[in-house]
Amino acid sequence: MSARMEHENIVVGSLAQIGRCGLFLLRILSAIPLSMRHVRETVRQLWFVGAMSLTIIMTCGLFVGMVLGLQLYHVLAIFGGTSATGSVVALAVYRELGPVVTALLFAGRAGTSITAEIGLMRATDQIAAMEMMAVDPIAYVIAPRFLAGLIAMPLLCCVFCGLSIFGGHIVAVDWLRVDNGTFWSNMTATVDVWDDVINGIIWKSVVFGAVVSLIAVFQGYTTPPTSEGVAYATTRTVVTSSIAILALDFVLTAFLM
Amino acid sequence: MIDTVQVQSDDRTLVRIRGLTTVLNGKTVFDKLDLDIPRGKVTAIMGPSGTGKTTLLKHITGQMRPDAGEVSVDGRNVAALSREALFELRERIGYLFQNSALLTDFDVFENVAFPLRQHTKLPEVLIRNIVLTKLQAVGLRGAASLTPAELSGGMARRVALARAIVFDPMLILYDEPFVGLDPIALNQVLKLIRTLNETLGLTSVLVAHELEAIKQVADHVYLIANGKVVAQGDPKTIANDGSPWTSQFFGGNADGPVPFQYPADDYAQALGFKQGAA
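Chains as they are written, first to last, in this note's numbering: chain S, 2 to 258; chain C, 6 to 283.
Hints are all accurate, no fakes.
Going by beta-carbon spacing under 8 Å, a handful of chain C positions derived as facing chain S:
{"no.": "1", "residue": "GLN68"}
{"no.": "2", "residue": "PHE92"}
{"no.": "3", "residue": "ARG95"}
{"no.": "4", "residue": "GLU96"}
{"no.": "5", "residue": "TYR100"}
{"no.": "6", "residue": "PHE102"}
{"no.": "7", "residue": "ASN104"}
{"no.": "8", "residue": "ALA106"}
{"no.": "9", "residue": "LEU108"}
{"no.": "10", "residue": "THR109"}
{"no.": "11", "residue": "PRO120"}
{"no.": "12", "residue": "GLN123"}
{"no.": "13", "residue": "HIS124"}
Simulated from the structure, these hints should not be mistaken for laboratory data.
Positions of the beta carbon are idealized from the N, C-alpha and C atoms, including for glycine.
Turn these sequences into a full structure, and let the hints steer you where they fit.
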């Protein structure tokens with residue numbers, strides 16, 4: 002096979018995969034009304050992908066805020082603008098770091114486990130057993146996990162942002178002696194609820210939540226039922242999600258600006 | 006026994022397979038296969054490994070579509086059913102998977118209760134009673150709170166059996182139900198299959214290799230090889246019907262119409278010996 006044909010095959014293969022993923026999304030969406038019968042399953046998944054991810058989200062949020070506070074304080078000090086530390090930390094976190102880092106962490110923490118779980122359910126015939134018991138696996142297994150990811154992501158992002166601001170506050174105000182009042186008042190003066198909070202946290206993280214959850218369930222559902230297949234699918238979830246998050250972030254920022 | 010199978014009336018045949026042709030990855034699994042499964046009987050399907058016995062069960066339940074031919078269950082062509090109609094049909098079919106396929110998220114009790122919870126709104130007390138009755142029948146009422154990971158292979162199979170019969174289906178398909186059972190459990194499962202058939206009047210299809218067990222429980226045996234039914238009859242006499250298929254299969258001989266060796270090139274050549282060198 003020539004190199005050109007190989008490249009064409011990769012392009013066609015990727016496009017076909019995106020197409021299959023889109024069709025899978027339609028199947029999930031059409032199964033959501035049916036999955037409302039399994040609200041308990043959705044809540045259980047929400048606990049698993051949301052509540053169980055809190056530790057990593059909170060820890061990372063705190064450190065991201067702290068390092069931002071530290072870096073920005075020293076850069077702003079050059080211009081004598083350390084009083085703006087609070088507002089710059091908040092803008093960076095709300096607009097970019099909050100949704101993006103939360104989504105990347107979510108893909109690594111929850112996305113992989115969703116893929117591996119569904120892949121193993123397929124490998125051990127549990128999906129086929131549900132089909133045989135006349136229970137639609139899309140409605141019972143896939144849709145609850147998809148919905149849980151969609152709901153959990155904005156909530157986790159809010160927690161992440163809150164902890165980041167707190168981390169920035171610790172470093173800037175408590176350690177580097179930026180005035181407490183200036184820190185908060187500058188922040189409230191520059192942060193716009195619609196432009197920064199709603200567009201940043203809500204829109205971006207809802208889109209990221211949908212994309213990461215879709216990739217995770219799709220990879221799990223379509224994996225070859227072998228240990229190697231599950232391993233590859235888990236890796237692909239992280240790689241594909243990360244690329245999708247960063248690429249979509251640019252697109253969303255360009256549109257939302 | 007053979008007479009009951011060959012009766013063509015709709016009332017007596019639950020599953021009718023006509024001209025079933027299936028090609029998987031370029032290999033013909035079934036070649037115009039005809040087969041009838043009579044109502045209220047235990048029918049065993051035997052055959053060498055890889056003849057597509059599990060595939061046949063998948064056709065009956067609509068998990069796979071045939072390339073040609075027709076599989077009808079209770080008078081309805083399975084391949085032509087809509088998804089809703091297929092699910093409706095499956096609610097009346099119990100299926101025992103080769104590897105049990107228990108849901109690992111739930112304990113034994115919830116696994117058996119799963120179909121009831123999904124398809125009925127029965128009060129909790131009733132669900133509890135039904136589940137415990139089924140677990141008692143397979144001897145595992147005491148294991149109700151264990152998780153599937155804590156069960157041995159044989160126990161998992163019995164739980165899966167309890168789950169398959171929890172809805173009192175019209176048709177039960179057992180895929181290798183005897184593998185991994187100790188003699189005590191085997192005997193109980195055999196009795197259970199027989200009792201279910203006699204008391205509930207349901208129809209059973211067994212895919213298995215154990216002729217001794219099948220002799221005790223089945224009314225009729227089909228021997229499938231090379232995509233066709235090569236022999237059928239009473240399980241007690243089929244082994245002695247004199248055909249080369251049955252004498253090879255039940256005699257366990259490597260030589261006969263079924264090749265033991267997967268098609269391969271010359272053995273001596275593969276080992277590096279020169280042709281003709283002694």
